[in-house]
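*Asks:* Here the structure of chain A is known, so what remains is to put chain B in place on it, guided by the hints.
Number of protein chains: 2
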Amino acid sequence: MLYLVGLGLSYTSDITVRGLEVVKKCKRVYLEAYTSILMQADQKSLEDFYGREVILADRELVEGGSDQILAGAEQDDIAFLVVGDPYGATTHTDLVIRARELGIKIETIHNASVMNAVGACGLQLYQFGQTVSLVFFTDSWKPDSFYDKILENRKIGLHTLVLLDIKVKEQSIENMARGRLIYDPPRYMSIETAARQLLEIEESRNQQAYTPNTPCVGVSRLGSPQQKFKAATLKELTKYESGEPLHSLIVLGRQVHDLELEFLYDFVDDKEKFKKFVEEDQEYFKPPPYVPPPDDDDDM
Amino acid sequence: MLYLVGLGLSYTSDITVRGLEVVKKCKRVYLEAYTSILMQADQKSLEDFYGREVILADRELVEGGSDQILAGAEQDDIAFLVVGDPYGATTHTDLVIRARELGIKIETIHNASVMNAVGACGLQLYQFGQTVSLVFFTDSWKPDSFYDKILENRKIGLHTLVLLDIKVKEQSIENMARGRLIYDPPRYMSIETAARQLLEIEESRNQQAYTPNTPCVGVSRLGSPQQKFKAATLKELTKYESGEPLHSLIVLGRQVHDLELEFLYDFVDDKEKFKKFVEEDQEYFKPPPYVPPPDDDDDM
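Quick mapping for you: the protein sequence lines, in order, are chains A and B.
In this text, residue positions in the first sequence follow UniProt numbering: the first is 1, and each later residue adds one.
In this text, residue positions in the second sequence follow UniProt numbering: the first is 1, and each later residue adds one.
Extracted from the complex, chain A is given alone in its bound form (with noise of 0.2 Å):
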């Protein structure tokens, strides 16, 4: 058997009970370690919390050494462990096929991922639209696709939850180039930098998918201790500190009920001003008012 079990957000003691059973009993147990990192809790800390030894997947393992990662899993049980969920932001689709190709019998333990626990913000998760990414920019590659889809969200009223790109043990292109197999320290995209990425790409789109005044929420650290939730504009995020990873960004849409709004406004420096930004903003992309069909009885 092979159990895909979720280790939430931030604590060694976010897994469930019954993915905590799981990991004890298997045979050997994997940590996939390079699309998120869980907060408060490292390789040494959950070993220490399972008891038991915890084999780290990097990219290469998994992407290219699935039948190792799979060996013997028709009768022994194998752990594979994944920060959120196994089906949330990043899936592990490609090694569920390969498991069922070998007649591997498969479980998912589920848990918290981002792509529902930002609900803790108080934007309702109905209101979102598709979800998009971010990567780190470079002089030479800004790829900009997100920016259709925000979009394409905005024009409907709907909010885009934007993850930010995480680089753990990438290479340079000089070390790569060398064959050497040294890996920069991990990076990991700050609410700031998000904010003027995404300003950038306005700047050379200019079709106002969103403006610096847009009212977004940076989500820093969510599900830890030092969860932090930022309500201000697109601009005033630039200037953010949001301290240490993980973030996300939220760029609301036209559909902001009074509920939502009323939450957020713990979350920002100035209620009022706010206010006056999140109501300028719902004159995008407004539908036309309303007009009665025309009359059929023509006894005017």
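Everything labelled a hint here was simulated from the structure, so no lab data went into it.
Keep in mind it's a predicted model, so treat the numbers as computed, not measured.
Glycine residues also receive a C-beta, built at the ideal position from the N, C-alpha and C atoms.
A hint or two may mislead.
Claimed, not checked - One side of the interface only, derived from the structure: several residues of chain B facing chain A at Cβ under 8 Å:
{"id": "1", "residue": "S13"}
{"id": "2", "residue": "I15"}
{"id": "3", "residue": "T16"}
{"id": "4", "residue": "E21"}
{"id": "5", "residue": "Y87"}
{"id": "6", "residue": "R100"}
{"id": "7", "residue": "G119"}
{"id": "8", "residue": "G122"}
Stated by the list, open to error - Lysine-lysine pairs mimicking BS3-like chemistry, simulated, CA-CA at most 27 Å apart:
{"id": "9", "chain 1": "A", "residue 1": "K105", "chain 2": "B", "residue 2": "K228"}
{"id": "10", "chain 1": "B", "residue 1": "K105", "chain 2": "B", "residue 2": "K24"}
{"id": "11", "chain 1": "A", "residue 1": "K167", "chain 2": "A", "residue 2": "K149"}
{"id": "12", "chain 1": "B", "residue 1": "K25", "chain 2": "A", "residue 2": "K228"}
*Replies:* Below, chain B without anything else, positioned relative to chain A:
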């Protein structure tokens, strides 16, 4: 402190280790018992698992008596348990805002909800638009606001998660009129009913938000040992026997990746037939073909 604790989807042991620690230490523990159910657990089995008393909180208590729930939470620890995630499909924003007004600290212990665990069917969460709800129709009441939202999602190629109605502790109109506190047996919408209701609205609205041949995924008992997915057209699902609750339904969007499709094949009756329906459905809301901009050089 008010702890909002997510219970996950199915088993008593789907609570997180941290959630269980909190439940054990709290002075009072409430279980929100009217918007969803744990499929493999009830009040009694939860009390046995936690080794303590759990107070059932019905709609009257949560919406009318939140001060009763919050009494003493300035100094004592109170837990409010919610099936899924506290900020998932049903949120308790009112309770949180009231706690804030009373100066009570709040901590959330997240868990899986249908909103993220649904990724287990192989469709990428990135590719979902806004989530909609479908309520039981009556002869005189057939609310169809979901229709425009599915249309909006499908216009931009996205999948739609349809959450199906749950009626727990509802009174009949007659009992309500006579002031009798007699409740109807709980009702959970099946996939068959959902598919029929969706097609009924398509027939009356007739804007081709979807068609009888639109591919869908029936999601049954998500996260439980009896979890089942069924990929079929909407029309086929009107005759599907989905079995025990809980259920949800996914209406596919045009953007179906190859990997998503390959994953879904495990849940179809006939692979080739399903593929054909997916391809035909992709013709709806297809963007116009790309026309290169006219050449500025007039040197022809």
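*Asks:* Decide, hint by hint, whether the structure agrees.
*Replies:* Okay, the hints, checked on the actual structure:
no.	hint	in the structure
1	S13	holds (4 Å)
2	I15	holds (6 Å)
3	T16	holds (5 Å)
4	E21	holds (7 Å)
5	Y87	holds (3 Å)
6	R100	holds (7 Å)
7	G119	holds (3 Å)
8	G122	holds (6 Å)
9	A:K105 to B:K228	holds (14 Å)
10	B:K105 to B:K24	holds (19 Å)
11	A:K167 to A:K149	holds (23 Å)
12	B:K25 to A:K228	holds (25 Å)
Violation of the numbered hints given earlier is absent; every hint is satisfied by the structure.
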